[in-house]
Structure formats: C-alpha cells, structure tokens
Amino acid sequence: MAPLIDNNGEVFSVFMFRVNPDEIYKKILEKGKIGNSGKSFILTDEGRVIGKSRFLKGSINKSAHNPKLSSTLVADEITRKKSGSNIKGFIDHRGVRVAGAWTWSNQLKFGIASEVDFDEVMKPIIEFKKYIFLGVAIILTIVWVLFIKLINSYKLLALKNLKQSEENKEKDVKIKESEGFFNMTIDYIPGVFYAKDLEGKFLGVNQNFLNLFDKKLNNVISKSNFELFPKDIADEFSKNDKQVAQSKEVRVYEEISVGGDGLERFYDSYKFPYINEEGHVYATGGISFDVTDKKILERKLAHRSRLESLGEMSAGVAHEINNPMTIINMNLKVIKKIMNGKLDKDMVFKAVQEGEDAIARCSKIITGLKTFSRKSVGNKEDYSFTTIIENAIELVEVARKMTNIKIEFNKSPDSTINCRKVEIEQVLINLLQNALYIGEREVNDADRVIKLEMKRKSHTTMIRISDPGNGIDKAVQQKLFDPFFTTKAVGVGTGLGLSISKGIISSHGGDLYYELFEGKTSFVIEIPSVKKVEAT
Amino acid sequence: MKNISSFFIPPIVITILLIVGAFFAFSEFKSLEEENIYSSLKALNESTVQGLESKVELLKKNGKLSVSYILKDQDLVKKIKSNDERANSLINLKLNELIKPALASFNFEGFFLINLNGMNIGSTRQSNLNKTNLVILKDKNSWDTVLKTKEAVLTKIIPSDVRLSRNGNLVEMAT
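Those protein sequence lines, which keep their order, are chains R and W. All letters in the first sequence, in the order written, are residues 6 to 541 by the working numbering. All letters in the second sequence, in the order written, are residues 5 to 179 by the working numbering.
To be clear, the hints were calculated from the coordinates, so they are not data collected in a lab. Take the hints with a grain of salt, since some may be wrong.
Said to hold, decoys possible - Straight line, CA to CA, 25 Å or less: simulated BS3-like cross-link-like pairs of lysine-lysine:
1) K82(W) with K135(W)
2) K31(R) with K59(W)
3) K32(R) with K64(W)
4) K59(W) with K87(R)
5) K31(R) with K46(W)
6) K64(W) with K76(W)
7) K93(R) with K34(W)
8) K68(W) with K114(R)
9) K114(R) with K59(W)
10) K86(R) with K135(W)
11) K46(W) with K36(R)
12) K154(W) with K144(W)
13) K86(R) with K144(W)
14) K38(R) with K59(W)
If you're wondering where the values come from, they're calculated on a predicted model, not measured in any experiment.
So that you can see chain W by itself, here it is in the shape it has in the complex (with noise of 0.2 Å):
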C-alpha cells in the first residue's frame, strides 16, 4: 500500500495548481475590474467638476450682467454711493425693480446689495435692509477676495435661513 501515496501526489499538485490558477485569474480579473471602475468612477468626477466649473463661471457672468444693469441707472449709483441709510429704501425698490427680470431670467432666488462696510442696503427680502449680510459672516474670504480682486466669486454654499417661494419663474418679495 506504500505505493498508494504516489498516487495521491498528482491530483493534490493539479487541485493546488487549480486553486492557484483560479485565485491569480480572479486577482487578475479584480484588479483590472477594478482598475476600470476606478477610472470610471474618475473620469466620471473630474468630468462633473468641469461641468460645474463651467456652470459657475456662467453665473459670474450672469453676476456681471446684472451688475451692469445697476451701473446704467446713474442715479441710482449716486444714491448707492451716497451711503445714506435713508435712501436705503429707495434704493432697494429701484433694485427689485432693474433686478427682477434678472432674477427670472437667471434663476436667482434672491439678491443682495451691500455697501463696503458689509451691511444690506438691497435685498429680495425687505427685512434684510440695513443689517449686516450674513454671508459675509459665514464666508469672509470670498467678501475679501471681491473687493480685492474686483472679479466676481462664487461664495461658499451657505444654508439659508429662509426658502424663498416661487410664483411661475418668479420671485415674490417676502413680506
């Protein structure tokens, strides 16, 4: 029976050379599956990003343009740069005025203007005038970066404190 043994040595090598080959198969098969979802799943992000990169630096520029709308109407600069607190409510109403169509157009939910000392002498909201802008609080950087750049900026994602209602593609003023 010594003989016996001898024969267990071929079908143990080709069960350990089948195991063998079937664990670097599947490595293999996992690696390059794998290696495949992770330039999926990449490609797919990066080309995301520029989606919304791209996306973004359209709403700079629709920023601009409504920027420039504001910047026709002299007078309104005047009171703008008059600082006066007074005129605050005026100025406001002449903004909602030039700026709703903007709004309509670019799907903005709402706007503010704010003078250099950070306060809203503008907004959607009435009840937003003459207090400091909230979103300078949250993202002082991106206020830092306009005023020295002078280039539009996307701020930080703030959570805001109000939704904003639609009537169609409009904006009603919170009351």
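Same shape as in the complex, but just chain R (with noise of 0.2 Å):
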C-alpha cells in the first residue's frame, strides 16, 4: 500500500498492490530448513499457515489448526503476536512430535515459524541414549557376572570351610569323646598313672596318683619328682625316667614311693617313653601297681621258704662242715704227736695247709647260707644272668656231691639283667633242689644229669632246667604253682618254693613255667634282658 502525494505532499490517492506470498516468499522460505524434515513457514495474526507446508495439502490460507486437533503451540503462540521456542517437543498439525522456534515480526505482520520433526532432532540424543544404556548394560552385565562368579566362589570356599568346619567339630567331638574315654580308663585304672617331661616335671595324672598323695591337680602338674617326693624317692624316680628316655623302650621297675598317709609302698612301675614322628622321645609316661600287700607276703614266704631251704640243706652243711672240721681235728692231732716226738717239717706244713683249706671250705659255705638266708630289699640292678646261674650251681654243689648227680650248663652268650640277685639266685636253687630231688630218685645212673640250657631272645634271656624226670601228670601241672602244694613226701617240703620263685620271676617282669622238653620235666625262666642303650 504506498500513497499517492500531489505537489503540496497531500496524499489524494493510495495505490495497493496485490502479491501472492506464497510465491514471493517461497525461496527465502525454502532456504529456512533443518534436517530433512525442518520447514519454515509462515502465520498470519489468525492462526492461518500461508504457503504449501509438507503436511498442509493445498495452498494458502489453510487454517494451521488440524480440525481435528487442537489448536498447535506455534498457532496459539503466534496469534499472540508472541516470539518463542521450544525444543522439549509439541504437537504439530498432524499430530507429530515437532521441536521449533518462531517469531513474530511487527514489520511483517505476520510470524515465521520454523520446526523440524522431533524424532529426527533428538536421533542422536536417541541413539547416544541407546549407546550409553547399551554401555551401561553391557559393563552391568560383566559387572554382575563376574560378582556372581565371585560369590559362587565364595560360597564354594565358604561351604568348603563350613564342611571342613564341620568335619572339624566333629573330629573335636569324637577327640573330646576319645579324651573322655581315655581319662576315665586312665582314672579307672587300678594304679597310679603320670606322664613327665624330659626335666621330670609332671604333664598329666591320674585321679588315683592324687588321691595316693593327697595331692590336687594344679599342685602336681609342672612339678618335678624332687617338688612332690622325699630326695632319696626322687632320686630313684629320675634316674628310672632316664633310662626309659635313653633306651625308648617300656621298662619295668620295682620302685618305692611314700604316700599321703606317710607309709611307705612299693610299686612295679612300668615305663615308657612318648616318641614323636621324628623319633625323638619328649616325654616319658609310666603307670604304677601298688604292690606293697603282695610284696610283704612274698617276703614273708620267701624267708620262710628260704628258712626251709636252709634246714633241707643243714644236714648235707653239717656234713660238709664237718669233714673239713674231721681234718682239721685229725691235723691237728698229728700236729700235736710230732711235737711230742720227731719234728718233720714237711708233715708239720701240710697239716697246717690242709687245716687252712678245710677252714676256707667251711667259710664259704657258712657265707653262702648268710648270704640266701638274708630278706631280699633294695633296688634291681644290673647282672651277668651266667654269673648268677653259676651262683647257684656253687651254692647247691654240697647237695649235688650227696646225690652224685651231674649238673651240665649248657651257656649261650652272655645277658644283663635288671634284678635282685639273691632272689634270682634263691629261684634257681630252688629248681635245681628239685631237680636234685627228682635225680636222686632215678635208678638209672645214666639219666643222673641235669641240663641247664641258656637262651638269648630278642628281649628275654630264657634259662631251661631240665631234671631226670619224665613230666608231670597234668592234674599236678594246674597246681604245681600254688603255696603249699608238693609231691615231696611230707615233712621233705613245704610246698612253697616255686609259689615263691614264680612270684620272684612276675616281679622282675618275667616268667617261670613248666615244659616238657625232650621228654624230660623242664622248668622255664624267661626274664627281661637290658639292652646296651648308647647315649644319644
């Protein structure tokens, strides 16, 4: 619309020409494009979208409203006479999510909007959003499969440890029940059991070695022998615990203990040492049998028996002493005529010698006779088992003289044992008197012998005496060990010496039995040898 002004500057006409914006504004319009869905296009104050748009069929002045939607952002916007924008999405005319800007210019009068479909806006928001939730699944997924590989781990260990826990406790159990089962056979047991350390200080007892010496646990154990027992006592008790650690073997011992109530008791202590897997011994353990009432009666009838065995052999002492008392009379009497008549100096000189030799005889045998004749006390020690054997043979040679009966020792090499002398001694007396006895009663002068035959084993040393019999009916064998029980005729025996020797031999840990050897009446002694131990 442009005025028409005549030469004063009046207007006096207004010309207006008509355009068809579509078409003047088309290029500009088309040049306002993003993507390959933007458009730019243009609103009237009404509303009305002016131009071909891609989604309004039709030419100018089509109503920007879908008739059957309602009135769009930019519409409302625009008849407004209001600039803007949004990017978040709104609904177009279609009823396609559109993003857009737009602006209303006076100048114009009219609004430019320009929007591009929303989908194709936010692809790459969309396509970063599936990158990253891709991402994020994907480490997730890793994440989450390496925790539950974890804890699958974790629970295979945890049910590993839970099985190995169980297995645990229940072998706890099963130790805790084996301890059980063990402190009370060990509590149980009728004697007194004690386990020390090398030092000799207690590690454990039983409840009879408390109840002996009235003594409570706490006041025992890490104690030394020397902090419980009399020095003597103690002295005894570490010395024995020595020898078991050094030979790491079980030993037997005869010992002396004083108990809480003061008396003394005397026990068969067997002992023995705790060797660990590389063979080292680290402690020593031993269990003691009160054998004090047993040990008094065995003395009682060891006196006896050895009184009797004295009295069986005074007749043959009497003759033996009293034939050298015979020459020491008939000397003397020559002695005494050539001092009266001629003096010849050799005669004189073997009166004398004889009447030395026939006192040296009766010497011995008195010693001999003091000798079995005294009570057996005091501590085992260490012998040659042929020496005593020959002892013997010497002490009961007046009596074989009488019987003219042979005695042959068969000897084998050498054996120590651990004993009372005099009591192995009266043992073995006491068999060959019996051999004697039976010897004396064989008619023939052939079978007059008596075998001694010495063994060693791998931990005994045995000693057979065979007599001239031939056995022992069985009935008589069941009984042969029991006190009083003899075939000798009466008033001969008192039936106690092998009652008395088999309790000698139980108490050196051995063993005296009866065997038929060769058809010959045998009697068995089989006794513990000492090992030679060497000092580790």
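Join these two chains into a complex; the hints should help.
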C-alpha cells in the first residue's frame, strides 16, 4: 500500500498492489530448513499457515488448526503475536511431535515458524541414549557376571570351610570323646598313671595318683619329682625316667614311694617313652601298681622258704662242715704227735695247709648260707645272668655231691638282667634242689643229669632247667605253682618253693613255667634282658 | 554367610555409579544437543525473518516505483484528484495500461487505486470499481498508517476472495 502524494505533499489517493505471499516468500522459506523434516512457514495473526507446507496440502489460507486436533502451540503463540521456541517437543498439525522456534514480526505483520520433527532432531540423543544404555548394560552384565562368579566361588569356599569346620567339629567331638574315654580309662586303672617331660616335670596324672599322694591337680602339674617326693625317692624316679628316655623302650621297675598317709609303699612301675614322628623322645610316662601287700607276703614266704631250704640243706652243710672239721682235728692231732716226737717239717706244713683249706671251705659255706638267708631288700641292679646261674650251681654243689648227680650248664652268649640278684639265685637254687630231689630217685645212673640250657631271645633271656624226671601229670601241672602244694614226702617239702619262685620272677617282669622238653621235666625262666643303650 | 552381604557392596556401588554417570552423561549430552537445536532454530528463524523483511522492503520500493509511473501522467492524476465517479472507468483503463508492465515485472497479482474515501477507483478487476476496498475493511491500521506517515506499508495478509489466473507472466483481467 503506497500513497499518491501531490506537489503540496498531500495524499490524494492510495495505490495498493496484491502479491501472492506463497510465491514471493517461497524461495526464502525453502532456504530456512533444518534436516530432512525441517520446514519454515508463515503464520498470520489469525493462526493461518501461508504457503504450501509439507503437512498442509493446498495453497494459502489453510488453517493452521488441524480440525481434528486442538490448536498448535505455534498457532497460539503467533495469534498472541509472541516469539519463542520449544525444543522439548510439541504436537504439530499432523499430530506429530516437533521442535520449533517462531518469531512474530511487527514489520511483516505475520509470524515465521521453523519446525523440525522431534524424532529427527532427537535422533543423536536417542542414539546416544541407546549406546549409553547398551554400554551400561554391557558393563553391568560383566560386573554382575563376575560378581556372581565371585559369589559362587565364595559360596563354594564357604561351603568347603563350613564342611571342613563341621568335620573339624565332629573330629573335636570325637577327640573329646576319645579324651574322655582315655581319661576315664586312666582314672579307672587300678594303679597310678603319670606323664612327665624330659625335665621330670609332671604333664598329667590320673585320679589315683592324686588320691594316693593327697594332692590336687594344679599342685602336681609342672612340678618335678623333687618338689613332690623326698630326695632319695625322687632321685630313683628321675634315674628310672632317664633310663626309659634313653632306651626308648618300655621298662619295668620296682619302685618305692611314700603315700599321702606317710607309709612306704612298693610299686611295680611300667615306664615308657613318648616318641614323636622324628623318633625323638619328648616325654616319659608310667603306670605304677601298688604291690605293697603282695611284696610283704612274698617277703614273708620267701624268707620262710629260705629258712626251709636252709633246714633242708643243714644236713649236707653239717656233713660238709664236719669233713673239714675232721681234717682239722686229725691234722691238729698229727701236729700234737709230731710236737711230742720227732719234728718232721714237711708233715707239719702239710697238716697246717690242709687245716687252712678246711677252714676256708667252712668259711665259704657259711658265707653262702648267710647270703641265702638274708631278706631281699633294695633295688634291682644290672647283673650277668650267667654269673647268677653259676653262683646258684655253686650253692647247690654240696647237695649235688651228696646225690652224685651231674649238672650240665650249656651257656650261651652272656646277657645282662636288671634284678635283685639274691632273689634270682634263690629261684635257681629252688629249681636245682627240686631237680636234685627228682634225680636222686632215678635208678638209671645215665639219666642222673640236670641240664641247664641258656638262650637269648629278642627281649628276654631264657634258662631251662631239665631234671631227670619224665614229666608231670596234667592234674599236678595245674597246681604246681600253688602255695603249699608238694609232691614230696611229708616233712620233706613245704610246697612253697615254686610259688615263691614264680612270684619273684613275675616281680622281675618275667615268667616261670613248666614244660616237657625232650621228654624231660623242665622248668623255664624267662626274664627281660637289658639292652645296651647308646647315649643319644 | 554374613560376609557374603559385604560382597554385594562393590557391584551395587559400581551399578549405581554407572547408572548415575550414564544419566549425567546423557543429560549433559541432551542439554548440549537441545542447546544446539535451539540455536539452530533461532538462527534459522532470524535469518528467515531478515530475508523476508528485505523482500518486503523491495516490495515497498516496487510499490513506490509503480506510484511514480502514475504520478508522471498528469492527466491521470487530475482525473484521480477530481473524485468524479464517472471518470473511474477511464482511470481504470489508463491505470491497467500503465501498471501492466509493472505487474508483470514485479510479480503483482493485481492492484487497487483507492481514493481517500476508501473507494476503489481503479482495479485489476472491473467489478471492484466504486466499491469500498476490502483490505481497508480488514486492515484499517495499515490504511491509517499510510495516510498518516505518507509512507508505503505492508498490509496484513488477507485471504483473497478470488484467485486471478495467469497467462504467462501477465495477469489476465477478470471479466
């Protein structure tokens, strides 16, 4: 609209021409485009779209309002002559979500809007979102897979540990049960149990030990022999413990101790070493049985037996002493005659010499009797078994001569035994006397031989004494070692010899028994031999 | 099994960190992308407006140029100023003849010459003569502005009641 102005400057008419905005703005609007779906278009203040749009088929003056939809955001805004933008998305005329910007121009008297499909504009964001989601999903999958694997491993480990723990618990229970059984067993043993370290300090004892010595456990554990017993007894215990530790084997000792009542008591102590896997002794233990009553009885019986043996031998002894005495008497008479007459120096020397021999013989017999009749007291010591046997043979020599029976001693390599020598000699003498008694009654001189055969075994030494007898009835065999059982004539034997002998050998950890050997009556003594222990 | 619960902490923490991290990364990317879209749309819009404004300025110049053709014809100016309704047909014929080249060269689809009473004294269509101009009725502001400022103005876009046919680049006069 342009005014026609005259020379006076007055408007006298107005020229107005009409253009088609669709055509004249077309090129400009076509340039204003984003992406494939982008479009710029003109909107009147009535909200009408000018120009052909991609979504409005037709020409100008088409309503921007989709008749089927409510007014669009852009149409509303332009109607109010406002400018703005929305990139969050809004619904356009087609019902499609778009992002757009619009400007109202007062100069142009219409609005310009540029829109682009939201899907297109959001494509990079959606793609990015997709990749982000995918990346996160992959990482999380890896993390959780690893985690689940870790958990499974942990569970397996935990289950294994649990199983192990349960097994350990079960083992602990079994060990406790075992300990319970063991402790109960130890407590019920009719003897005193103890375990000590190599310094002699107590590691454990049973109830009998505590009762016997009237002590409490905490007053015993970690205490040494010397803190619990008198010095001489402690010395003996320590010496025996040391021997066991050095020998690395079970040994039997006869020990004496003083109980809580202050009385002296005798014990058969079975002592043993505790050896670890490397073969080193790390402690010693022992079980001691109170044999005081038995010991007293044995002593009484042994003494009585000794006296009986002494009585039996007295006749022979008297005869034996009588002979040298006769010799001495005769020689003294010879000397007396010589002193009254002619003095023959050689005859005097001979008479004196014979007298001295006779006195020496008497002295020897008396010494042997004294030894035999002495009560067995004291501790065991190591002795040569051969020597003991020879001593015993020597002691029955008088009786042997009277019976004219041979004694054959078949020696083997010597062996050392830990014993009370007198007691072992007594046993041997008893057996030899019995053999002589049997042999004396044999008619056949060829059989009047007593054979002694000695043999060394792995842990023991054996001596078999075979008499000329042809064996013993079974009924008699069963009673052989019963006290006061005898097959001798009344007044000849007391029936105590074998029972005492068996008791003595038993007290030495050995055995005495009867056997028929090569058709002959035989008694066998087996007694533990002492191993030569090298110092460790 | 109590300790197993402690195993859940690292993966749960990693999961949370990843999700939160992804969320922030996505938000940041989305913000940047939206900012980019906003800038693009705004720049596009502004450049389009500028382009259109330039175009409008050109249209105004073309209008003024057309007016200058009319003003050169003093006889015609006299007749226009005479406000004689009977001369309107002659004026219209003269105008159509005079404006015809401009219409073709400026892509005008039609024209009106309006007296100060708002009556059409010239038009591409003969039937519009001596009738009140429809544009003035619909865009009184532009009319007032022209008279007041004595400058060429752009009217509102007003739907046409008729579409003129074209023959080549020439607008046929409606019969």
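| Which of the stated hints cannot be reconciled with the structure, identified by number in ascending sequence? | Failing hint: just 10.
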